[in-house]
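Take the two lone chains and join them into the complex the hints point to.
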Amino acid sequence: MSSRERILGRVRRALADVEQDDMPYEQAVSRDYLRVHGDRGVEQTVELLAENLADYRAIVHRCTTADLAATLAGMLAARGSRTVVVPPGLDPEWLSAAEAELVLDRAESTPYELDRVDSVVTACAVAVAETGTIVLDGSPDQGRRRITLVPDHHICVVRVPEQVVASVPQSLERLDPTRPLTWISGPSATSDIELDRVEGVHGPRTLEVVLVTA
Amino acid sequence: MSGTFVGMPVFPPPAHPAFPKAAHEAVHNQTLRGNLRHATHTIRGKREKAVAEMSDWAELREAGKQIKDHTLRHLDRYLVQVEESVTAAGGIVHWAADADEANRIVARLVKETGEPEVVKVKSMATQEIGLNEALEAEGIHAYETDLAELIVQLGKDRPSHILVPAIHRNRGEIRDIFAREMSEWGRPAPEGLTDTPAELAEAARLHLREKFLRAKVGISGANFMVAETGTLVVVESEGNGRMCLTLPETLISVVGIEKIVPTWRDLEVFLQTLPRSSTAERMNPYTSMWTGTTDQDGPQTFHLVLLDNGRTDTLADEVGRQALRCIRCSACLNVCPVYERAGGHAYGSVYPGPIGAILSPQLRGTASEIDASLPYASSLCGACYEVCPVAIDIPEVLVHLRERVVEGGPVTREGNKVILKPAKGHAAERAAMRAARWAFASPRALRAGQRLASRTRRFHPRTLPGPGSAWSATRDLPPVPAEPFRDWWQRTQGGKGDKGAAK
Chain X
839 MSSRERILGR
849 VRRALADVEQ
859 DDMPYEQAVS
869 RDYLRVHGDR
879 GVEQTVELLA
889 ENLADYRAIV
899 HRCTTADLAA
909 TLAGMLAARG
919 SRTVVVPPGL
929 DPEWLSAAEA
939 ELVLDRAEST
949 PYELDRVDSV
959 VTACAVAVAE
969 TGTIVLDGSP
979 DQGRRRITLV
989 PDHHICVVRV
999 PEQVVASVPQ
1009 SLERLDPTRP
1019 LTWISGPSAT
1029 SDIELDRVEG
1039 VHGPRTLEVV
1049 LVTA
Chain B
178 MSGTFVGMPV
188 FPPPAHPAFP
198 KAAHEAVHNQ
208 TLRGNLRHAT
218 HTIRGKREKA
228 VAEMSDWAEL
238 REAGKQIKDH
248 TLRHLDRYLV
258 QVEESVTAAG
268 GIVHWAADAD
278 EANRIVARLV
288 KETGEPEVVK
298 VKSMATQEIG
308 LNEALEAEGI
318 HAYETDLAEL
328 IVQLGKDRPS
338 HILVPAIHRN
348 RGEIRDIFAR
358 EMSEWGRPAP
368 EGLTDTPAEL
378 AEAARLHLRE
388 KFLRAKVGIS
398 GANFMVAETG
408 TLVVVESEGN
418 GRMCLTLPET
428 LISVVGIEKI
438 VPTWRDLEVF
448 LQTLPRSSTA
458 ERMNPYTSMW
468 TGTTDQDGPQ
478 TFHLVLLDNG
488 RTDTLADEVG
498 RQALRCIRCS
508 ACLNVCPVYE
518 RAGGHAYGSV
528 YPGPIGAILS
538 PQLRGTASEI
548 DASLPYASSL
558 CGACYEVCPV
568 AIDIPEVLVH
578 LRERVVEGGP
588 VTREGNKVIL
598 KPAKGHAAER
608 AAMRAARWAF
618 ASPRALRAGQ
628 RLASRTRRFH
638 PRTLPGPGSA
648 WSATRDLPPV
658 PAEPFRDWWQ
668 RTQGGKGDKG
678 AAK
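Just so you know, the sequences run in chain order X and B. Per this note's numbering, the first sequence starts with residue 839, numbered consecutively. Per this note's numbering, the second sequence starts with residue 178, numbered consecutively.
Each hint should be verified, as a subset may be incorrect.
Reference listing, derived: stretches of chain X covered by chain B, where coverage requires no fewer than 3 residues with Cβ under 8 Å from a Cβ of chain B [what the hints assert, rightly or not]:
id, segment
1, 848–857
2, 931–942
3, 949–962
4, 969–975
5, 1015–1027
6, 1038–1051
FYI, nobody ran anything at the bench for these hints, they're computed from the structure. All figures in this text were calculated on a predicted structure; none of them were measured in a lab. Glycine is no exception: its CB is placed at the ideal position from the N, C-alpha and C atoms.
Chain B with its partners taken away, still in its complex shape (with noise of 0.2 Å):
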């Protein structure tokens, strides 16, 4: 059996190229860009017509993010509620303040069951840690079972979509990875497999069901964690999320410290935001809920890991911490011009499109090349906010965090509030927009250049040159006027006496 699982860069993540350059090499790839324009336009008119069925769903949008604001607001009290309640359950509660702790914690419980494997439920929040590779470094095999997970798992690739990790894909794809590595990982694909998609779900319910069938233990993530009960919840579709829930001995989930909701009366808004505005489904096929654990139903032991690995840092920042309100539904991506042409694997995260745009460069800082690009893997054009269920206003935060790259300033790194250097390669941004402060604070430097502009107007290039070339080979620049507004203004007394245009 091959222990060769290549899955996503580990945070902070190798030297990975700056989101324009990898995008680069994204948009010439014929097959990567039908894949995804076919994939993100079906799911497009699909969700708007679910959501239209809501005539409440802008209340709903709004109580979603008042329960989340809530909750952030107060963080550290629903925290210790969700302890309190998941160990009243029978359950036990560790807490990891990054992605390392979290790895050991979990190597650790899965050494001490004395099982070389582990099945596990798609999850963002290991792939987050990097924890499939941690736990192969243990001599461990992690088996991911959702499909999209498989086909990422079995192509030794990187997943490129929140909700549908193998987006990137077709059907063709599918099959030939299927066929070629299946019998490398344990029951090899059926003889003749064809493209068709029932064909080839099935081929993954026969390859993965020997796996269920001898586990011992399940590693899960959750979608909720709801702190007055301690209950937790999964939402998925296939049903290798109940497997990996109930069949194993030992269930471990690890969990995100801002996937708390208050009160279980507060899973009536997120059912019904979440399926609709990702699947596009008015309910998703499976959901599960448990309580710490039930006698002779479902595993006996359960971990519960809470992870931090820069939730707090992105917490402490007043503009940004609304990115804690996702509930990773990917109507984001799924909308997005950006992503539908770079494809996910240019973010350089395992959340890509405009949510990993702002939540990778808090959740990992903006120092390295990819992270300080990210704010800017966006037209603002606001698609995003339009349809996400908790009305995070992304393209805010990426001004904000645009913002945060060229001029520095204080931000929090682990806990520590730490100052940040302005970025480099932004000097000519930063001496322009000096010299835009300095011009429009003094009228008399205004009047002069707008005068220059007008009167040299014939003289200027169609496109800008050096670096400014990128912009305008894409865009007209505005035309200058004849004449200055307050020139002409003065001139015909407001319009009253105009007598045309200077000439």
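Chain X on its own, in the form it takes in the complex (with noise of 0.2 Å):
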């Protein structure tokens, strides 16, 4: 028997003392909870996504179109960003007053390489207020999980107010589960020692938001 029948074959053993249950899964779980937490414009979301944001560490900018490339431009210059990957699918503007030189993420460019590399600019797929988190899910936009985490910079844009949802369960509504998702909630932390947050270990120990409006 293989170990597939055989854990298979426990299970059912094991259950054997539980009554018939053709409930469907819709019906199983009573779902009372809220799907958004309080009652907010949306201004008043964006605004809560710039809260938790920064209460994460992230450093959290605000902008319009127009001012997106002056401004990402400020941000690598203030930081003495040489180089800064990009994924293959950023907006060619948005980098275009960049003095910085970019790199763009090829497929067969190995980890060491990525290291060398001060900086990242990324889209974002969605940005969610409650918690101040945004999600990654790979678009051209955003590229390989590999370019935002390896450089020790993260940019990342987030159209606003259309890419911001209010919770975590409408967030969920919005991505795509095929696609590998990355959810940041701040720059790198640890709570491993006596359990007290301390920012920037792994991942890029700086994070910042441009939260832009059309």
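Below you can see the structure in the form of structure tokens.
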């Protein structure tokens, strides 16, 4: 007997005492919890996102589409970034004013090459206000997961208000589970020393989020 | 490079002293108690605040419980569904009935890649099966990359907490371990390393980076597996998880069969309750979700090892099966007065604290001294149940397991029904209970006994003799009234004609 059959057989025998249950799953769980916490307008939801991002030590900037290129160029210059990796589908306008050398992510580039890059600029799939989270889904304007991981400085552009949702339940509705997803809430951190939060371990130690309005 | 990682005892454990003996040593260790008190009290207050932000916490908790109960009720169906969806997404699914089989599968998969080393994301399942030791025996080095796991691995130590395995170490001890051991495993600690947490984190970043960049094989567990989509979820903080899940060419995930949730939507419950319960954050810094493999992004080979190792035996126990709802948040450890004083090592398992006290004796059975003693490693205060985000009634299971240890009875081991013999060492308890049953069943004997007790009450000792002294050393014996209640009732017609107590 294969282990598969053995385990499935054990499960069935273990449940022999349980009453037959034909209730469809949709009815088996009472979802009396809230879809959203609190009653906020669009502007307040964006405000909450900014607050919660900052609370977990992300640096938040706000600008309009017209100022985006200048804002990004300024952020990269302020950091002293000489090289910045960009996902293949990033709007070329965004970094048109940047002085840093743009490094296109190639399939064959190694982690070592990425490790020498100063910064990365991406878009995002959705941002969650209640938790201060941005979610990347590997779309062409966000790129492979590794490019937002190895460089020490990540700039993520969120189009507001259309990419902002209030809550975790709302964000899952917008996401496609077949894509590789990365949920990011502030820079890399740890609670492993005396259960106290410290920012800055393996992921980017600086996370900057640009909330851009049309 | 040293290959002497001392991990956790493999299930079933080698002889580990019973809980009271192990705890006895721990409570006299002042440093340990100070470290634990500091850490658990810090997190307790924070968790309360994070939970209070959610007005619908009770409903989320109930939904989490129902999702898990439903999944366990139909586990066979969902296991098959997970297998189908992971396979359809490009993953390869393996089934492991026990620790040995899981270790053999993983060792074979690593050997097939030809790589001599692997990087690991913190995973309870791989600790439970003693994977690092099994790989070491096959000549494969496994590097732990979670900061606390690194501290434990470098310190040749054992984990003592589910979330923060090095909770028993303070910053000074961590500094010393890094300064002393890092050079033996790779990049040495920076010169003049101090004990500020930020510097310690930086030292870990530098030490592990070279290992991440060259890694070809990653090993992980998972917090959740979604049956309908085949999606696996890893919740973490540091980014070491992301490194292990995306940089290697091959990813092997060892996941307990109870980690399934039926639908994508179910994650909306646990992504809200897990971070707040474990690190008291609105959301943990990083959560990775992957479904099979993705072209040109992340590992191109993905293996999922579905692990039983006592879980189906636990499922067979109608009271105890609720332990399988556990999402490993560790909130129950942080509030437990016993854990705070005894520390995690006394529990003799990778699962310490209240959840460990009900999980280990079920996964491993109660044959060993430590496992038979674990159901007693509790004051039954109920704080663990209060904070549990999936409402596991830990005190109920503890009492149930105590009964099983004392009385014996039918249990399931490795899928077979066996009759457990009553444990030794509980003869006095059983005799006392038998005597009580007899007395309560015969009114005459009960009355005679009560009257005798009342008349002789001034001669009663204030502490119990023999083994009972352990109980009465810290408790007052209940005083015996001057007159049994029933005598008083008869004499006074229910208090109407009360002329004072009997002399």
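Structure-based check of each hint:
no., hint, in the structure
1, 848–857, "holds (count 8)"
2, 931–942, "violated (count 0)"
3, 949–962, "holds (count 3)"
4, 969–975, "holds (count 3)"
5, 1015–1027, "holds (count 13)"
6, 1038–1051, "holds (count 5)"
Hint 2 from the earlier list is the only one contradicted by this structure; the remaining hints agree with it.
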